[in-house]
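Chains as they are written, first to last, in this note's numbering: chain A, 3 to 133; chain B, 6 to 265; chain C, 60 to 146.
Accuracy of the hints is not assured; some may be wrong.
[Stated by the list, open to error] Just a few of them, taken from the derived set where beta-carbon distance is under 7 Å, the chain A residues facing chain B:
{"#": "1", "residue": "F13"}
{"#": "2", "residue": "A15"}
{"#": "3", "residue": "D16"}
{"#": "4", "residue": "Y20"}
{"#": "5", "residue": "G28"}
{"#": "6", "residue": "D81"}
{"#": "7", "residue": "N85"}
{"#": "8", "residue": "P86"}
{"#": "9", "residue": "A108"}
[Said to hold, decoys possible] Per the computed footprint, the stretches of chain A lying under chain B, defined by three or more beta-carbons under 8 Å from a beta-carbon of chain B, are:
{"#": "10", "region": "3–11"}
{"#": "11", "region": "43–53"}
To be clear, the hints were calculated from the coordinates, so they are not data collected in a lab.
Quick reminder that beta carbons are idealized off the backbone N, C-alpha and C, glycines included.
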Amino acid sequence: MTELIDNLEYFLADRGIYMLALILFGISIYGMVCCGNLLKKLMCMNMMQVAIIFFFLTFGQKEGATLPVALAGQVTSPDAYINPLPHALMLTAIVVSLGTTGVGLALLMRIKDIYGTIEEEEITGKGGKLR
Amino acid sequence: MEERKSRRRLAAGLLLVILLVGIGAVRVGKFLPTVGALDTPANTNISQYYISNAVADTHAHNIVTAVLADYRGFDTLFETCVMLLSGVAVWTILSAKEKVEKRTDKEMIAYYRTSIFGSMLMDGAFRIVVPIILIYGMYVLFHGEISLGGGFQAGALLACAYMLNRIVPKFDVRRKQKAREELGIITAGLGAFFFALTGVLPMFNGGRFMELGKLPFPAASEAELHADGILMVEIGVMICVAGVIITILEVVLERTDFDD
Amino acid sequence: MPILILEGILLVAMIAIAIGIIMGRKLLSAIIIYCAFSLTAMLLYALIGAADVAFTEAVIGTISTVYFIIAVKSVHNRRDKDGRKKE
């Protein structure tokens, strides 16, 4: 049993985490392309951003390290703290993702004003009543 | 029938995507570092300098805040500008067309009299939560250098309190909606301006743009000046983020009527 | 490092939630599931030591869920183009 857990951990650390993040990314891209509803496309875009942010954050992980909050005389070796650089970059990325969501919603509402629907098939006229 | 077929096609596509990406990602491990290793390129170069020197340089115990507001201030400045631009974009796009017809005052008052949660207790309960959120936002702002938090989170929390106050309850019925969103975008612009001003101030003292150690304030040491500069940067970011979120909320809310 | 196994479990849960969002029928339920997705993402960030990012994600996830709900409300209202009420 412990051997199985060890093997699983080795696999995850080697490539498993990246695989799972990439699968999440792929599913979100698929949803962005194939979902009929525009609001769902927007949600899939947000999910894709979460996958990318997680992928970035994995680079900052260190084994046996603690949170990057330190006191003045305390820092002995840099290896004792998690890498703060990806955190600082991704923090702004998350906030900007809210801005993109807002712009997307605004465009969505204009589309609703003009076409009267947010289903893609009805807008393009394939099998919809709006032809 | 038609719908079921399209749904089955969707599921088959999903399965195919998972299989393909999974198989493709097996090879990824060859050129990406092991998770948690100490000697990867991301963990060995400049980040070691940040961790070793951030506290002594800036008196900010939270290294993420030090990197965000001081070492990489340009990044944050332009991210704030992106945020402001997105607010302006939403405001421009959605104010292009005339709105849904406004209700008369009588209708509004009748609507605002109805309780939302169904009981007076629940309607009143949120009023206790709002000031607590505001205080917590201020705490997060001023302790951003010492513990977790910072300008972005504080701005979002303030906007959360505003949102709670705007959506749930029914007092101030008669204030005009138009003024609110314009106020929001003006506030956001002022926040970004405050940030940029913090960057310009050191130039009067012989420094360069965003060189926070040369701010023209009386202070004991250069690190203290850095701490002051980080606080000013965070106040600017907070105002900008809160203003943009409030603007988007107001503009989107104006097109919605909660009749049914 | 047993943290890695927890990370893997949370990632699998996120993939399941994503499939749920894509395959779901109703828009409002998809939005509520999206709220769960953002909560799981927050747990994941907190688990790998990015506490600041987790904090931001918690607040931003709430706000974007509110945006989506308002948008759904405004898109599905019962007025047509001229502002009249439909039956």
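The hints, checked one at a time:
no. : hint  : verdict
1   : F13   : violated (9 Å)
2   : A15   : holds (5 Å)
3   : D16   : holds (5 Å)
4   : Y20   : holds (5 Å)
5   : G28   : holds (4 Å)
6   : D81   : holds (6 Å)
7   : N85   : holds (5 Å)
8   : P86   : holds (4 Å)
9   : A108  : holds (4 Å)
10  : 3–11  : violated (count 0)
11  : 43–53 : violated (count 0)
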